[in-house]
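*Asks:* One letter stands for each residue in the lines below.
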Amino acid sequence: MRRILLKLFRRRRLHEDLEAELAFHREMAGEQQNPIPLGRTSQIKEEAFDLWRFNGLENLWRDLVWATRGLRKTPGFLFTALLSLGLGIGANTAIFQIINAVRLRSLPIPSPHELAEVRIVGGNGGLGLNPGSYSGLTRPIWQEIRSHQEAFSGAFAWASNQVFLGRGEELRRVPAVRVSGDFFPVLGIRPWRGRLLLPEDETACPESKAVVSYAYWLGQMGGVEIGADSKLLVDGELRQVVGVTPPDFFGLSVGEHFDVALPFCQPKELRRDIFDTVVMGRLRPGWTLERASAHLQAISPGIIEATVPTGYSAYSDERYKKFRLAAYPASAGISSLRTQYNSSLWLLLGLSGLVLLMACANLANLMLARATTREHEMAVRLALGASRGRLLRQLLTEAGLLAAAGAILGIGLAQFFSQILVWSISTASGAVDLVLGTDWRVLLFATAAAVATCIIFGAIPAYRLANSEPTIAMKGGGRSITGSRSNLALQRLMLVTQIAVSLVLLVGALLFVRSFGKLITFDPGMREADITVAMLGYPASNVPPAEYKKFSRGLLEEVRSIPGILGAAATTNLPLLGSSWEHGVHVGSADGGSKFAWVSPGYFDTMGIRVIAGRDLDKKDTGESPRVAVVNQTFVRRYLGSANPLGVTMRTSPEPNYPSVVYEIVGVIQDTKYSDLRGETPPMTFAPDLQYPDPGPYTVLMVYSKQDPEVVMSTIKRTIARNHPEIITTSADFQTWIRDGLVRERLMATLAGFFGFLAALLATVGLYGMASYMMARRRNEIGIRIALGASRRDVIGMAMREASRLVIIGVLIGMATALLAGEGARSLLFELTPYDPPTLLGAAALLAAITFLATFQPARRASKLDPTVALRSE
Amino acid sequence: MGKSAQPALMQGTLDLLVLHALQRGPMHGYAIAQTIHLLSDEVLKVEEGSLYPALYRLELDGAISGEWGVSENNRKAKYYSITKYGKKLVAEQQETWNRLSTAIQRVLAR
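Protein sequences appear in the order of chains A and B.
The first sequence runs 3 to 876 under this note's numbering.
The second sequence runs 1418 to 1527 under this note's numbering.
Chain A with its partners taken away, still in its complex shape:
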């Protein structure tokens, strides 16, 4: 402490003091003719001053100033370095930002770590109806949990769905949540305006109160004060708006948002087979997840026994009774993005990390080249007594400065990149709302990336310097006769690494791009293009339920009669869009399941599906005629083998609203894909729509027309609205909808392709630079060879042979790495294995071509060398 103060206060005078003291000393010595030897003044000063300096800090400052000056003098290098670092760190940070938002960050509520979710261990196995993107619990299970649990100080439940706001032309579909009365109080959300929903709002159906989100309140309600006249028309009924949720509260499902929150209401009879409710709670003080899970396990049998859905088969009942509940961490909320994008995001982070590594390798080369041109300078400084450590520090300071600037640039770019990423995974049918903050995790990540890059590209030139001999460097003027072996070995190692890394990236790019191409051009066995899906809903109409089927037929005929429409048919289940509908079936002695859809006559025609045996469903199949069905080839193979399927009967297992029915198989269609382009074709059954046991006030039509989809959609909407103003019509282009479902594949293909392109580019630049540099280092050697009679071809051959040796080693290492890493990508690929030989060969060939191109030019230049010039410059 005293030293620091002394240093601070005295250093200003230090110089003059010492000067004066030395002058006095010499004068005295001179006067007395004293022969005491004199030292070198400058050295004395240096030594004396060194003590009084804040050495570390001051040297660092001087290094920084020096590095800044040095970098400013080479704007080309600075630009390349900053751009590649900024892009590399930016891309990595952007992907990490999304992972952080989706997976890691806690919900914006008080004490999020106390939050736990109650789920069925292992999920419900597809039993009952699962409308959400994550399977939850049923409302009756929630009510049992609420009255029996002791693990939570407060428990609540919610379900997300969509509601229609307004009416007529103004009608809009918006995302909504239905919440139990304890939802807001237990979460501890404070109202922005008015009040939030409370337990007393949970009334008999229909509910009368509603709360809106901040965004909806500001955007759609003009941000006016909430009062008695704040009302909202939800699904055709007027609700009182009692309050507004705060701006940062988006619900508990990350990636989604809600416009309206409605309280749960108590219908006359609560359905026991709809798994749409998420149950959460705050753990009691002192309770761990394990203890809560054990408690839930213990009370599970009672809860499950009390909530068994009625009308299912004995087998389903058995399965249901095996369900057990447990508590899972929920501090980061729940998210369908998490399961959907989990592996892709980590894979993308890995790929972008490799790109950053490539950028680092290139930068290391640039630094190395810079260091080489400064080798002479460094050697002189070393010889004059500068310590090696001092010079090393200087090089590392330069690297650190670059990395820091790159990181700052990268964090800036990341904001932009991550927005683009989020935008690219959003689709017309499902916008993704993510709050992409830059919190400490993101900053830590970017810093770590910068430090890692700095170490990689700073340490290599520093290592070189540490091992250089000043005498040799000075003598050779930066160029020894053969280019010292060890120096070139380092360069070769880096070349091999670069080739290996870029091979991995190229393989990744090719795999994902090809996989996406296959998906896009894949024939699912049915018509995808020129099909419009129209969904007509008439819950507010006065059509009696008994007339639904007849009314639906009428709507179908109206659409069919529109000019330009080549075909239209109704169905109860949309193909290829992720929805699934299964019933248990018994065919002879065989038991199993089959996908089911009830379709109108002409469905197969409209969808371009061929009937390969028996007959199509037709007008004679009515609600009164015998029950008939058309099955697909897989159904026949699975349940009937080689027997003739026509005339065989099948029986369905009973379910609520779906009593057991015996169908006669009258036709067989070709196999098509079912809910997804990926995956196996399941057994499928199609029955006449008029024989559908549980009709509702809605009709789903598949419409075939060669006209522009926009035109078709608006024509249908207009025609229906003219005759039935109360009908809600929503429509979409079938193919666009399917492609929206491929957004993950598109994202992977685009980004992996982009990273592959970057890798190829970086590899080309890196290889070219390296080849030029190596040729330049070996000028003398080549000059001697030419002088001794080597021909141009020999020189080029020598260079190319060496390059191809490196490429082969690099490609082999890269292949091994790609094969190992490929396992992680397996589940993301469509009709391709990670070991796809054409992909591996293609990537290797591409790299070989790149290497050839990048090495040939420098080799040719070297071969044109005039030996006399090369040797004279020694």
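Fair warning: there could be bad hints in the mix.
To be verified - Restraint-style ranges between C-beta atoms, simulated for each label pair:
id: 1; chain 1: A; residue 1: E379; chain 2: B; residue 2: N1490; range: 46 to 52 angstroms
id: 2; chain 1: B; residue 1: D1478; chain 2: A; residue 2: L492; range: 42 to 48 angstroms
id: 3; chain 1: A; residue 1: T76; chain 2: B; residue 2: N1491; range: 56 to 62 angstroms
id: 4; chain 1: B; residue 1: T1430; chain 2: A; residue 2: E379; range: 58 to 64 angstroms
id: 5; chain 1: A; residue 1: T82; chain 2: B; residue 2: D1478; range: 47 to 53 angstroms
id: 6; chain 1: B; residue 1: V1487; chain 2: A; residue 2: T76; range: 53 to 59 angstroms
id: 7; chain 1: A; residue 1: E379; chain 2: B; residue 2: L1455; range: 44 to 50 angstroms
id: 8; chain 1: A; residue 1: I786; chain 2: B; residue 2: T1430; range: 54 to 60 angstroms
id: 9; chain 1: B; residue 1: P1443; chain 2: A; residue 2: T449; range: 50 to 56 angstroms
id: 10; chain 1: B; residue 1: S1518; chain 2: A; residue 2: T76; range: 47 to 53 angstroms
Quick caveat, the hints were computed from the structure, so don't treat them as lab data.
Owing to the predicted nature of the structure, the values given are computational and were not obtained by experimental measurement.
Glycine included, each C-beta is placed from N, C-alpha and C at the ideal position.
Model the placement of chain B on the given structure of chain A, informed by the hints.
*Replies:* What follows is chain B alone, placed relative to chain A:
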């Protein structure tokens, strides 16, 4: 470096000699060098190249303190005096030195 008859000062011994010299009272750098020279019967010669760095180091350590004053011949000179801490230090170092030199003599005597 120098004549062989001129023993080089061992590392660390200069500090001890300087502190010892200053126990006689405050003096400037030249006087310190002279004192050591004379006390050693003109065997040891302290170069200014080692003296001043040593003085600056000792001052920084707090073993001596420097103050500008006027010399015998009316010139401005920096006078160094030993501090309390310096006195403690010299006692310790003297003890160490004594033990060391006896040990060396014993070794050389055999």
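*Asks:* Per the hint of 56 to 62 angstroms, is the separation of the Cβ atoms of T76/A and N1491/B within bounds?
*Replies:* holds, 58 angstroms
*Asks:* Does the hinted range 54 to 60 angstroms hold for I786/A and T1430/B at CB?
*Replies:* holds, 58 angstroms
*Asks:* Can you let me know if the beta-carbon spacing of E379/A and L1455/B is within 44 to 50 angstroms?
*Replies:* For E379/A and L1455/B the Cβ distance comes to about 49 angstroms; the hint holds.
*Asks:* Could you see if the CB distance from P1443/B to T449/A stays within 50 to 56 angstroms?
*Replies:* holds, 54 angstroms
*Asks:* Just to be sure I understand the hint, the distance between the Cβ atoms of T1430/B and E379/A should be within 58 to 64 angstroms; is that true here?
*Replies:* The hint (58 to 64 angstroms, Cβ to Cβ) is violated, given that T1430/B and E379/A are roughly 40 angstroms apart.
*Asks:* Taking the CB of E379/A and the CB of N1490/B, does the distance hold inside 46 to 52 angstroms?
*Replies:* Holds, at about 48 angstroms.
*Asks:* Starting from the range 42 to 48 angstroms, see whether the pair D1478/B and L492/A falls in it by beta-carbon distance.
*Replies:* holds, 45 angstroms
*Asks:* Using the Cβ atoms, figure out if V1487/B sits within 53 to 59 angstroms of T76/A.
*Replies:* Between V1487/B and T76/A, where Cβ atoms are some 56 angstroms apart, the hint holds.
*Asks:* Okay, S1518/B versus T76/A on CB: inside 47 to 53 angstroms?
*Replies:* Violated - the Cβ-Cβ distance for S1518/B and T76/A, about 59 angstroms, lies outside 47 to 53 angstroms.
*Asks:* Range first: 47 to 53 angstroms. Now tell me if the beta carbons of T82/A and D1478/B are that far apart.
*Replies:* For T82/A and D1478/B the Cβ distance comes to about 50 angstroms; the hint holds.
Hints 4 and 10 from the earlier list are contradicted by this structure; the remaining hints agree with it.
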